[in-house]
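Model the full assembly from the supplied sequences, consistent with the hints where possible.
In UniProt numbering, the protein residues as written are 1 to 241.
In short, the hints are calculated from the structure, not lab data. Careful, some of the hints might be misleading.
What the hints assert, rightly or not - Here are the simulated EDC-like pairs of lysine to aspartate or glutamate, each with C-alpha atoms no more than 20 Å apart in a straight line:
#, residue 1, residue 2
1, K34, E56
2, K77, E88
3, K49, E149
4, K192, E170
5, K34, E149
6, K192, E208
Said to hold, decoys possible - Just the calculated beta-carbon pair ranges, DEER-fashion:
#, residue 1, residue 2, range
7, V87, S188, 34 to 44 Å
8, E196, K97, 34 to 44 Å
9, N115, G69, 14 to 24 Å
10, N53, V87, 45 to 55 Å
11, V189, K97, 41 to 51 Å
12, K89, K35, 41 to 51 Å
13, G210, E56, 21 to 31 Å
14, E56, W81, 32 to 42 Å
15, E76, E149, 27 to 37 Å
Note that this is a predicted model, so its numbers are computed, not measured. From the three backbone atoms N, C-alpha and C, an ideal C-beta is built for every residue, glycine too.
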Amino acid sequence: MEKLKRTVEQARAAFNTGKTRPLAFRIQQLKALKKMVQENEKEFSAAMKADLNKSELNSFSYEIMIVLGEIDLFLEKLPEWASPQSVEKTILTLSDKTYIHREPLGVTLVIGAWNYPFVLIMGPLLAAIAAGTLFRIEYNRRNTAKVLEKLLPQYIDKDLYPVVNGGVPETTELLKQRFDHIFYTGNSVVGKIVMEAASKHLTPVTLELGGKSPSSPVPATVLHVLVSSPLSSWLLFSVLF
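Structure follows, in structure tokens:
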């Protein structure tokens, strides 16, 4: 477990060099990720098939294609998002230039979920590369995790974006470390554990928690929408898996 602590420290040291500050570097890393996904699409699909018995169509439509779309969005919008934003002056700043200057956030921990082992890791990873450094842990779906663990260091900076695969012990140990942000996708029980651990360092968190999708009765004229929407989603995912 001491190795995990050292890995976090090394990631923070790499971030403190300022390597992620230039916009050009972050764009280059995003392009490298796009190349990784495109060149290894079949391998990712095979891994998700082994982990979850997902069809190639499901893997591409609901994981790979979404990731490629997000990369293109970041490449298009990141220069605009990262540029200084002018803000209205007040009586105290009349003689000043007032703007918001955005900088990379820091070291981020991303914990993915079992049911979408590719998109639920890659999505936050893209945002982390755009906004700071990433430290990642993947668990439960070992084939997809192994492919990511193998390929990511081949395409992006391995010092800034180290990969750790593990289970509950590794996650527990990582949560003892200080991060600048934690992004967790999963159930509310573990979400509470993540939030409690983050509170010890006053670390901000993003919790994307799974749960039920309640529906409310409506007039009969739109009843078919109430019934067909959730049923079509359930049927779609069942068929494509």
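Hints, one by one, checked against the model:
1. Proximity of K34 to E56 is assessed by CA-CA distance (about 19 Å); at most 20 Å being required, the pair is judged to hold.
2. Between K77 and E88 the alpha-carbon distance is near 23 Å, which puts this suggested pair outside the 20 Å criterion.
3. A threshold of 20 Å between alpha carbons decides the hint, and for K49 with E149 the separation of about 17 Å falls inside it, so the pair holds.
4. Straight-line distance between C-alpha atoms of K192 and E170 comes to about 17 Å, which keeps the hinted pair within the 20 Å bound.
5. For the hint linking K34 to E149, the alpha-carbon distance of about 16 Å falls within 20 Å, and the restraint holds.
6. This hinted pair checks out: K192 and E208 have alpha carbons roughly 12 Å apart, not beyond 20 Å.
7. Between V87 and S188 the beta carbon distance is about 37 Å. The supplied range of 34 to 44 Å therefore holds.
8. Restraint check, E196 to K97: a C-beta distance of roughly 42 Å satisfies the suggested window 34 to 44 Å.
9. Checked against the hint of 14 to 24 Å, the C-beta distance between N115 and G69 comes to roughly 20 Å, which is consistent with it.
10. For N53 and V87, the hinted distance range of 45 to 55 Å is satisfied, since their beta carbons lie about 51 Å from each other.
11. Distance hint for V189 and K97: a CB-CB separation of about 49 Å, consistent with the stated range 41 to 51 Å.
12. Under the hint 41 to 51 Å, the C-beta atoms of K89 and K35, about 44 Å apart, fit the expected range.
13. Taken as a hint, the range 21 to 31 Å holds for the pair G210 and E56, whose Cβ atoms sit roughly 25 Å apart.
14. For the hinted restraint 32 to 42 Å between E56 and W81, the CB-CB distance of approximately 33 Å keeps it satisfied.
15. At roughly 29 Å, the beta carbons of E76 and E149 sit within the given window of 27 to 37 Å.
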